[in-house]
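Asks: Letter by letter, the chains look like this.
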Amino acid sequence: MILTEEQQLFHDAMTNFFSEHASIDALRRLREESPTTAFDREVWADLVELGLSGIVVPEEHGGLNFGWLGLGAIAGASGRHLAPTPLLSHVVLAQELLLNCGSTGQIAEHLPMLLSGEEMWTVAIDGDRYFHGGDDSVVELSNTLSGRKVLVPEGATADRILLPVRRSDGRLGVVVLSAQAEGVNIEATRMMDGRQYANITIEKLDASAGEWLEGSSLERGWELTLNRSMVVLAAEMVGSARELLERTVRFLSEREQFGVKLATFQALQHRCAKLYCELELAESVVLAALSAIDQGASEIAAQASLAKAMANDCLTLISSEAVQLHGGMGVTDEMDIGLFLKRSRVTNQLLGTSEWHRERFAGLAGF
Amino acid sequence: MSIQGLTPTPVTLPQYQTMTETHDLEEFRLQLRSWLETNCPPSQRKAVVQSEQIWGGRRRQFPSDDARAWFEACRDRGFTAPDWPAEYGGAGLSDDEARVLKKEMKQLGCRPPLYDQGLWMLGPALLVYGTEEQKREHLTAIARGEIRWAQGYSEPGAGSDLASLKTRAEDDGDCFVVNGTKIWTTKADEADWIFCLVRTNDQAPKQQGISFLLIDMESEGVSTSPIPLISGESEFCQTFFDNVRVPKKNLVGELHRGWAVAKELLKHERKMMATVGEMTEKPSLSLIDLARQCVGAEEGGALGSTALRDRMARHLMREQAIERLVERIFLQGKAGQSDARLPLLMKYLGTSEIQTKDELVLELLGVEGLSMEDPSISESNRKMVKQWAFDKALTIAGGTSEIQLNIIAKRALGMPSVDEKS
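Taken in order, these protein sequences are the chains called L and E.
When you read off a place in the first sequence, starting at 1, and then add 187, the result is the number in this note's numbering.
When you read off a place in the second sequence, starting at 1, and then add 434, the result is the number in this note's numbering.
Do not take every clue at face value.
What the hints assert, rightly or not - Rough simulated footprint, nothing fancy, chain L against chain E, three-plus residues with beta-carbon under 8 angstroms:
1) 730 to 739
2) 756 to 765
3) 775 to 786
Calculated from the structure, these hints are not laboratory results.
This structure is a prediction, so every number in the text was calculated from the model and none was measured.
All C-beta atoms, glycine included, are put in the ideal place defined by N, C-alpha and C.
Build the full structure now, drawing on both the sequences and the hints.
Replies: So this is what it looks like as structure tokens:
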């Protein structure tokens, strides 16, 4: 649960980079653009140059093998800055899914282009209103694929989309689709976090139009990818929560009413102290889950659910309280607080709400 | 925290040299396991019930021969106080070794070999502030279970505002003469000695006129009176001091500087209270099994009610999160990267979560959770009801939750002190 010196240095370098090149101002600019823009290509190229794409990829596949704790710290830094980068969609979801579900040959063929940023990939997870851990929203019937996926992160900018499909034999398949393929309709949207998502409709697409991943254990690889992604997203969320609480305490320490600083009021102190408790609990479960992945734990579903549920609850609470404690300024667009609030509600739905995770946790614990 | 008053400890050979010198924790673990398997009788490996806890002291009575054997084996190896230096009755274990011991004992289900407030609270403070003579006299007696301690902090007029305490100790040559009363003195009627905060200067600002005294309960003028609680038990007493003469050698730390000792001790009290769940009587059923039994379960063990499942998961997940936080604090310390803010959270979080669990249990019990006496209700169920009532004290004793939140706001978040406002 403790970062190595190298991980700490890398984290510091990334924090500097985010604050200079991918800060909240960058997000403010992005949200003004047409939904077809998902992120700043130059910033992404610099991040690739810094090694971000290969951070958890094993060395034999051309990565840095720098550890999940290191990746989590960087996700936290990106959460602090609301950095609009394809970290989750490309580096975590897509690369992991390729690594966990692809054959050796497929990994060797595609991964270098993902690591170099030459190609952008994403994963289309769910088609329903809520996250279900992957669903049957795209099915194969007599060699054609049909269905719909929603909330695909950076889905209208990606060159290829990894699509889970319920095959005609009932098993899970993962197909790599070109965004240009006939029968793939991609509609770009911008959600309230200012980031790009896509709704993807597949209509009678020839099942041989894409390349099917051929790894030995698809179900397991799919689960593993989702679980790991949940943990990284939770790390990002805890980073946002920490930034919000720090900003809120700073605000209360400066703002005066009734002739005293707001921070002298015990009612407000206790609220902040409770928020801080929630923050450190969430951080602790996230660090534990990241360490478990680093230590090669074979089963991390319960830990991933613990991390995502705690991060959801922590960030939902802290972002709402941050708005309230900033008073009137909290509901202005001028303040960044509202941007964190909106991002928090999107990340809350991405990869599962707390209710879903608690239900899964209960199932895993046998009750 | 200042470490003034820390006297250098003379170098003596630890009792188990091979154990403390080995860097091979795994070897240590194996050695320990076989020692525990040999020395911990099977009856001492079952969840401890209150009546079978081993308390020390002059009037100590062992609940069974097995309990005595287990206690004596641990005492002789220093395992009653594993991380205390061997010359004071401990085992001189490093933090890592002590953790291995704790883990191995947990694994085998070994009961704590000794319960005592001196062991949990006074001892660690004496290690920092005690004179060599005090350490030799008191630490050894604590670790060997010969003396049982009570704590004399709160007074009827000094609770959360502890520093306003009024029990006086007046200088009378080679003694102090103590007058006043202490409240919430846990099991004072069974204790041999009591460590007290007393006022030695009423002219100075309130925290700077307090001293830390060790008082033999057999001294003339000491009396106790038990206080019945909502749990039907009477864990606590009020203790009265009427012209009690206390030798000056029983002053810990400097005169008027007892607050520093108290703060050191309070850290250990809060740590202890945060882990109180590990030391108290375990319910015979896990929460999950209790829920299955009370509300019924589907085949495979799932509870019928989604709402209950969600509430249980919420609690169990927080419980795990608190464990992860404890682990994180430990690993930070080991790596020399301690974040001093984190331990401040433990008492508030740990005790609140125990109460959350108690409320869940009480509700699950339904009508069987509404009496501590009804003989038609099983003893184990009545015990859970008593536990619910008893645990209400956890968020009050040792610094209320409100005080904990004050401390977190001030020391972790840098918000102004509540005292500074007034």
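Asks: Flag every earlier hint the structure violates by its number, smallest first.
Replies: none
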